[in-house]
Amino acid sequence: MARIAQRFAELKKQGRRALIPYVTAGDPESWVTVPLMHALVKAGADILELGVPFSDPMADGPVIQRAAERALKHKVSLTQVLDMVREFRTGDAATPVILMGYLNPIEVMGYEAFAGRAAAAGVDGALTVDLPPEEAGELRQALRRHKLDAIFLLAPTSPPERIRRIAAAASGFIYYVSLRGVTGAAHLDVREVAAKLEEIRRHTDLPLGVGFGVSGPEAAAAVAAVADAVIVGSAIVRRMEESAAQPDKILTEVPRFLAQLRAAMDGTAPQMQASGASR
Amino acid sequence: MSAYDLPDQRGHFGPYGGIFVAETLMQPLAELRAAYERLRADPQFQEEFTEDLRLYVGRPSPLYPAKRLTANWGGARIYLKREDLNHTGAHKINNTIGQALLARHMGKRRVIAETGAGQHGVATATVAARFGLKCVVYMGSEDMRRQAINVYRMKLLGAEVVPVESGSKTLKDALNEAMRDWVTNVENTFYIIGTVAGPHPYPMLVRDFQSVIGREVRYQIMEFEGRLPDALVACVGGGSNAMGLFYPFLDDAEVALHGVEAAGEGVATGHHAATLCAGRPGVLHGNRTYLLETDDGQIIETHSISAGLDYPGVGPEHAFLKDSGRARYAAITDREALAAFHELTRIEGIMPALESAHALAYAAKLARELGKDKSIVVNLSGRGDKDIHTVAQLEGISF
Ligand SMILES: Cc1ncc(COP(=O)(O)O)c(C=O)c1O
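Line by line, the protein sequences are chains X and S. Just so you know, UniProt numbering puts 126 at position 126 of the first sequence, and the rest follows in order with no gaps. Just so you know, UniProt numbering puts 371 at position 371 of the second sequence, and the rest follows in order with no gaps.
For the record, the hints were derived by calculation from the structure and aren't laboratory data. Since this is a predicted model, take the numbers as computed values, not measurements. Heads up, some of the hints might be wrong.
Unchecked claim - Straight line, CA to CA, 25 Å or less: simulated SDA-like cross-link-like pairs of lysine to any residue:
1) X/Lys75 with S/Arg82
2) X/Lys73 with S/His303
3) X/Lys73 with S/Phe399
4) X/Lys73 with S/Lys365
5) X/Lys75 with S/Phe399
6) X/Lys73 with S/Lys169
7) X/Lys75 with S/Glu165
8) X/Lys73 with S/Gln220
9) X/Lys75 with S/Arg280
10) X/Lys75 with S/Leu63
11) X/Lys75 with X/Glu29
12) S/Lys169 with X/Arg70
13) S/Lys169 with X/Glu69
14) X/Lys73 with S/Lys155
15) S/Lys134 with X/Ala185
16) X/Lys75 with S/Ile300
17) X/Lys75 with S/Thr294
18) S/Lys67 with S/Arg82
19) X/Lys73 with S/Arg82
20) S/Lys169 with X/Glu29
21) X/Lys75 with S/Asp295
22) X/Lys75 with S/His342
23) S/Lys365 with S/Leu63
24) X/Lys73 with S/His271
25) S/Lys155 with S/Phe399
26) X/Lys75 with S/His303
27) X/Lys75 with S/Lys155
Said to hold, decoys possible - Not close to chain S: a few residues of chain X, all C-beta gaps over 12 Å, as computed:
28) Ala9
29) Gly15
30) Gly61
31) Ala68
32) Gly116
33) Pro156
34) Arg201
35) Ser215
36) Glu218
37) Val226
38) Glu253
39) Gln260
Yeah, the Cβ is synthetic: ideal placement off N, Cα and C, and Gly gets one too.
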């Protein structure tokens, strides 16, 4: 079974929700990313979402924009991001890794080359923010040939016929954008999210992840009550930014924050979680 | 040959165009498409638009036979399409009137826009004032510094100008920021894009609104030539003034179409904005088109003396016209454009925008190539008042 599906199946058996942290690859320094990925898994991450930096991140708020700028200052490329995943895989064969980014770097590499190289590096799925299913046919086929999941977004604005179509095109899980806005915005309405997830569930059996507005432990717990996965990006990246001048601190501070999210989601105290999460 | 009927239903011009945005914007774009399809076929909407162009913009703009310029260049007869005489001094207002009417019909009370030099921002702030709409304009902080007067003009017109500090702090970043605003405030906000770029249906509707330029040329040229011109020349930033001129002539194979990009300090130096001449296909700002990018697919900063041409992408329809061979694209350097600016000013008493000066500089070469029994229409997309500071600075004059 594909790693993402397997992870969700395990979690379901345990009655737990997936915690999916997002970090931008190469932020603030290239060497930070792989040790941070391992540390996040230790602190309770079930799946990792790795951002591929792009010069024009149209769907991202200021926090993730600045992360991409920090990474691009030392020219982190898609090829380097794939190298990071390969390195991560030498120490972790189980945790699924999803790449999240924009289409243009993949266009330049070529769909088939990207899918082949990503699969060889140990990537499990790709979410291309600016590629709706209408334009995604070719990339989806390339991903499928290499057994990678194509992850798509659904939004509060998605009408029923789009939900149906996207549910049919997606694999792995569906990423529900919890608000009208960019990443890191702060007006998450959990009741509205719950209602929309219920609607989406009528069209698919895929797990549903919720992201874009999960700002801290409280929001994570609230979302965990209604979704299969909680995706946290800007709140984590903001903490990376605070320690950008001392990257060493990131490796302790960011996992500590993740453990708080985990604990809030599982309804346990953070200390207990930290030991319980070392699978 | 069958008549030109692009884009297709999904906004494709061959492999270019389309819709490449995050899911949240798919439904708002579908609503915009539906509204535009309905209004496009509505005679009352078309009449409203035409009346505004006549009474507010001052259309039709003249087609001016530039006899002294023709004599000076010693080649084909040169006609200038005087978009510089429009209200606010450029072709941009044709489009902002059209989109503001669309916004009103869709019940949106707030409009947003991106701007580079400030021309589209001013044209948007102008129509917002006239229609009583709230207006927010995004502008790179670097551009705000370079174009302080236009920033003040927009403020006088009642618009809020928001500085954009991300990326290269220029036009492309302002466009990103406007998209982010739109995705957040989509319920009450209409995004007025300034050129034939962005996701479908923008390239199509901006082209349609601007194509009044070419439609007027078709009948105006008859008075002088009794037939269609041999060539059309227009500068290409995003490509809206060029598409507006070209579009009504696409099926007239005998009319050659020439788009002129900014070669900056020279295409070979890397400091330029010649997207079609030196770029390659990719995806940016909601559509597939030619881009200036690094080997890893990051968009690069461009350079041109004229802020309106300083953009690393280009409208997808131009990408299609280039590949199909229907239009040809060339690039003109800062220096050549500046010389053309002075030449037109001194010979005809018309001070062109630096953008339009690129088209003129290329037309001079083409006129000699074509010879005396041919005719060329050059789109004078805007007037040069906004550029006086830039020109003075280059000549070492400060006020
Ligand atoms: C006078 C003038 N001409 C041309 C342009 C370039 O835009 P486009 O290529 O969309 O006509 C601009 C843009 O600001 C402009 O102000």
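Hint check, failures only: Hints 1, 3, 4, 5, 8, 10, 14, 19, 22, 27, 30, 31 and 33 are the ones this structure does not satisfy, whereas the remaining hints hold.
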